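A.B. asks: Fit chains B and C to the given chain A structure using the hints.
Line by line, the protein sequences are chains A, B and C.
To convert, take the position in the first sequence, counting from 1, and add 1; that gives the working numbering.
To convert, take the position in the second sequence, counting from 1, and add 7; that gives the working numbering.
To convert, take the position in the third sequence, counting from 1, and add 13; that gives the working numbering.
Note that these hints are calculated values from the structure, not bench results.
Honestly, I wouldn't trust all of these hints.
Unchecked claim - Listed next, the in silico DSSO-like pairs over lysine-lysine satisfying Cα-Cα at most 27 Å (straight line):
(1) C:K81 <-> B:K9
(2) B:K397 <-> B:K409
(3) B:K9 <-> A:K214
(4) B:K11 <-> B:K303
(5) B:K452 <-> A:K214
(6) C:K236 <-> B:K24
(7) C:K297 <-> B:K14
(8) B:K100 <-> A:K270
(9) A:K177 <-> A:K155
(10) A:K93 <-> A:K68
(11) C:K26 <-> B:K365
(12) B:K439 <-> C:K236
(13) B:K58 <-> A:K223
(14) C:K237 <-> B:K24
(15) B:K58 <-> A:K220
(16) B:K439 <-> B:K100
(17) B:K409 <-> C:K237
(18) B:K371 <-> C:K131
(19) C:K26 <-> B:K397
(20) C:K26 <-> B:K24
(21) B:K303 <-> A:K120
(22) A:K121 <-> B:K452
(23) B:K102 <-> A:K214
(24) C:K26 <-> B:K303
(25) B:K439 <-> B:K452
Predicted model, so just to flag it, every value in this text is computed and none were measured.
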Amino acid sequence: MDGIILYSVISLGAVAAISAMVLFFIAKKFNVVEDPRIDVVAELLPGANCGGCGYPGCRGMAEAFVKGADAGSIAGLGCPPGGSATSEKIGKVLGMEVAAGEPMVAVLRCGGTHEKAPKKTEFDGPSKCSISHAVYTGEKGCPNGCLGLGDCVKICAFGAMYMDDKTGLPVIIEAKCVSCGACVKACPRKIIELRPLGRKNRRVWVNCRSLEKGAVAMKVCKAACIACGKCVKECPEKVQAITLDNFLAYIDPKKCIACGKCIAVCPTKAISATFEMPAPKPKPVEDGTAEVKKEEVKQ
Amino acid sequence: MKLKTFKIGGVHPPENKMAANSPIEALSLPKRVSIPMNQHIGAPANPVVKKGDDVKVGTLIGKGESFISANIHSSVSGKVFAVETVMDTTGYKVKAVIIDVEGDVWEDSIIHSGALIKDIKLESAEIVERIKSCGIVGLGGACFPTHVKYMVPEGKKLDTLVINAVECEPYLTADHRIMLERTEEIMVGIEIMKKALKINRAIVGIEANKPDAIAKMEKVAANFPGTEIQPLKVQYPQGAEKQLIKSVVNREVPSGKLPLDVGCVVNNVGTALAIYEAVQKNKPLIERVVTVTGKKLSKPANYLVRIGTPVDMLVEAVGGIPEGTEKIVNGGPMMGKAVSTTEVSVTKGTSGIIFFDKSEARRKRIANCIRCGKCVSVCAMGLEPYLMEKLVEKSRWEEIEKLAVTDCIECGSCSYTCPSSRPLLDLIRLGKANVNRIRWERSKK
Amino acid sequence: MSRYIVSLSPHEKGTYTVERVMWGVVIALLPSFLASIYFFGIRAVAVTAVAMITCIGVEYFIQKFMLKCEVTAFDGSAAITGMLLAFNLPSSIPLWEVVVGGIFSIGIAKMVFGGLGKNPFNPALAGRAFMLASFPVDMTTWPIPIKTSMLWAMGKTVDGTTSASPLGLLKEGIKAGGNVPEIFANAPQSFDYFNLFIGNVGGCIGEVSALAIILGGLYMLYKKIITWHIPVFYLGSLFVFTGVFWMIDPNHYADPLFHILSGGVMLGAWFMATDMVTSPMSVKGQILFAVIAGVLCGSIRLFGGYPEGCSYSILIMNAFVPLIDKYIKPVRFGKEVNYG
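Bound-form chain A, shown alone:
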């Protein structure tokens, strides 16, 4: 009996020792040297391996971040459960700018709803903006307008966009947008822009990208910018945030103070904002009818 126990212990012990040595040598010889940054970044990620980022697990995401940092940009890389806080921490570690210091948000710059820019043709093909853009100007006929097929919605990894069927345009949910920039890259017409969130969430932008002459643009869309220049004139002297280029007005977000004066003067209502401008107080007039007429004209 003893002999058997002794024999078993020795033989199994020898097997264990030999296996341990073999494993040790193999681990040393075939050791894969990895960039130590990958480990650091992987630590900062949630570690849930959910795959929501589109990469194989958090390790894959960490590698993509490091690769992106070496290539010069980590735009488009985001961790849905981690959110913008995680992206910022990772950005610091890799020495990359994540959000330029100021909180940004994606802004859609097209007002071509079904009502304002009715469809002139029907696109029969795969629902990809990149394909429709390459074929022709799109169902609405505007060569710079939103195609409404949702490449941006599909690529958003944070669920911050959805397609509004009533208007035919994508909607960006501010609260969820982490300004990763994926939708900006996905749009073939560069309609979406990352703009600063603005103080107290106030921001103003020109809701159009049309580079056509006013009359031509109006034929296609009633909410187009016709480059009349009224907004440029209305913008206060000290601010001068609006420029007119190629038949299109553009509000520089760095200069704009979100006073909202330009919104009212735009004849096609092409300037949008996140706040409402209070209606101007009517001046007291003796004749009641003249006052009403004035209001109508101002609308």
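C.D. replies: Positioned in the frame of chain A, the structure of chains B and C alone reads:
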């Protein structure tokens, strides 16, 4: 003669050549033409006229300045109304010269008579120069500037001129009619082309569904030694350059290379006619035959149309847009472009206008890929459309490059056959565009 | 002005659709179905009907109520799976077992992977393998077709007993030490080529009649639903493999013609191995697939534990199809490679 064909792939869509028996009619002159400057592959031409200038038929209005570009000439006489951007078939803007038509005065240098001139007085280099100055481009649909094809680089061996008279696209009959009606001029044109290339052999490939054209061409070719007529099996895409070369001389153009690398130059038969007119009559490319057809049209026809004529005029000539038309295609049904509006003009590449009604215009419902392998078996280039489509959806561009996506000739056989009606060619095109972009970015580094 | 439709070329569509393919295969299976009624009676109809209804029903239920996606249960693919599953079962199988098999075939072997076009294994064969493992006795006893009595209608033999198939008898006989000519001489039913070809032998509903299957196969070739490569190379490879061994030792191995006419290999070669979803995409790949499957089938039959190897050979090769597709590419035009 025995029918030849290419080995891999191909489909046989119904031919629908309703306009085959309609002789070519010259369309009446429009009131205003709009001639775009980008009617060819390569850099657009630069306008050399301005508002208010008087022009005659054949006056140079656009000069092709870079290596791959072509001249553009006025197709009417009158006064230039404007030089501005107009909408082309896609709706995107392009620069064009708009001319108000007054009379039909031709430039003095053009021989306006229809008599056949057989004697070729110009030398080879002069012929190529004349082709260039007359703005001749390939009339098969791609519009590649012809003089560039004729500038054979040093060291390339060339022995055969292949004339593409196949017209494999359903519905189109323009080439068929010019073979029947202008046979001798085409033959002289082929002689001119052989002289320009300094070779002795030309083969004209014609699909077997045009027996009258084959018979007429064979009869006339008897008087032109060195030019053979080769009937070909009716199979799409018989008229594709690489497939045509394989069928007539049994040589395969290697991936990424040109027909010149197997000793051939390929030109459309309409281009041969245009070259004849350019060299013998000094007439630039200002008009072409356009087939206007469709199942619901009462009289499908072939019109000789001046470049720049609004498509609305063609529509009027056949009696208006047929009831229930839902799609209008510029070109053939397999490779043509659907137009968003008829307010566009005929260009050098407009081979046909086809009206499709409700039953034919819409695509069918997309189903899952059933891995039947039909797309692989019909691909004339031996590629794997199902795999390329899947990879494009996942944006895996490097893997698609390895599958040789840039070899795709965009013939459309795969989308045509797919039982699940999947948009194979649409996504393959997207793949090609992205692979070309990646290659360009790579070459810049 | 009415709105025009704008799409990319091609603007024409061929007439080859999923429905045409699927229902074409169903029509090609009709001769076998009629033969099965002739040999096995009304019971065969019952088994087939139950299988088809279960398969279509399961797919409909899963698509409409569980996935809540588009319902494609009536495009013909579930019907084919049901018919092929039934054709792989003996006519005396209890109907509730058929329902279980149907649920496995469609629910697990097809829908779990994503529905039509996404399954790696042939669903009918996967169902059959599942049933063979779950109900071994019921799946391996076959009624001999005897058409003279009322019992024919119920798929039973004259004296209520059932028997094994030709291959089963062969395997048992060899194991018991006998030699081939004796086994055939002592069989309860004549196993001559005519009977094997027509189908007058014991076996599963759809696999007995080689004649009916070949007729269906020729119909599919005519309609361009399948190509000739897989059936010819599968049967050919099996023929050659078994032929080699038969020539070495005719006492221990049956002749190759017997092998290709008996068992499920005729049905497998024409209908199962050619299933589009689970076979390779290029012609070269298909030939490789068929040849190796034939060799595997022969190996299982001659040296393996089971008497019949057809379904396993195809299932094993189904697993290799992605690998075959990855490395065996179709012949490219202009083979010189140029990546720019």
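A.B. asks: Is the hinted pair C:K297 and B:K14 satisfied, with a Cα-Cα distance of at most 27 Å?
C.D. replies: 16 Å, holds
A.B. asks: Taking only the CA atoms, is the gap from B:K303 to A:K120 under or equal to 27 Å?
C.D. replies: With a Cα-Cα distance of about 26 Å, the restraint between B:K303 and A:K120 holds, given a limit of 27 Å.
A.B. asks: Decide if the proposed pair is consistent with the structure: B:K439 and B:K100, CA atoms, cutoff 27 Å inclusive.
C.D. replies: 24 Å, holds
A.B. asks: Sort out whether A:K214 lies within 27 Å of B:K102, counting only the CA atoms.
C.D. replies: 15 Å, holds
A.B. asks: Please work out if C:K26 and B:K365 have their alpha carbons no farther apart than 27 Å.
C.D. replies: 14 Å, holds
A.B. asks: Is the Cα-Cα distance between C:K237 and B:K24 27 Å or less?
C.D. replies: 26 Å, holds
A.B. asks: Is the hinted pair B:K11 and B:K303 satisfied, with a Cα-Cα distance of at most 27 Å?
C.D. replies: 34 Å, violated
A.B. asks: Checking one constraint from the list: CA of C:K236 to CA of B:K24, max 27 Å. Satisfied?
C.D. replies: 26 Å, holds
A.B. asks: Are B:K452 and A:K214 close enough, with their CA atoms no more than 27 Å apart?
C.D. replies: Since the Cα atoms of B:K452 and A:K214 sit roughly 38 Å apart, the hinted pair is violated (cutoff 27 Å).
A.B. asks: Can you confirm whether the C-alpha distance between A:K177 and A:K155 stays at or below 27 Å?
C.D. replies: Roughly 15 Å separates the two Cα atoms, so the pair holds.
A.B. asks: Straight-line Cα separation of B:K439 and B:K452 no greater than 27 Å?
C.D. replies: With a Cα-Cα distance of about 20 Å, the restraint between B:K439 and B:K452 holds, given a limit of 27 Å.
A.B. asks: CA of B:K439 to CA of C:K236, is that 27 Å or under?
C.D. replies: 34 Å, violated
This entry does not satisfy hints 1, 3, 4, 5, 12, 13, 17, 22, going by the numbered hints stated previously.
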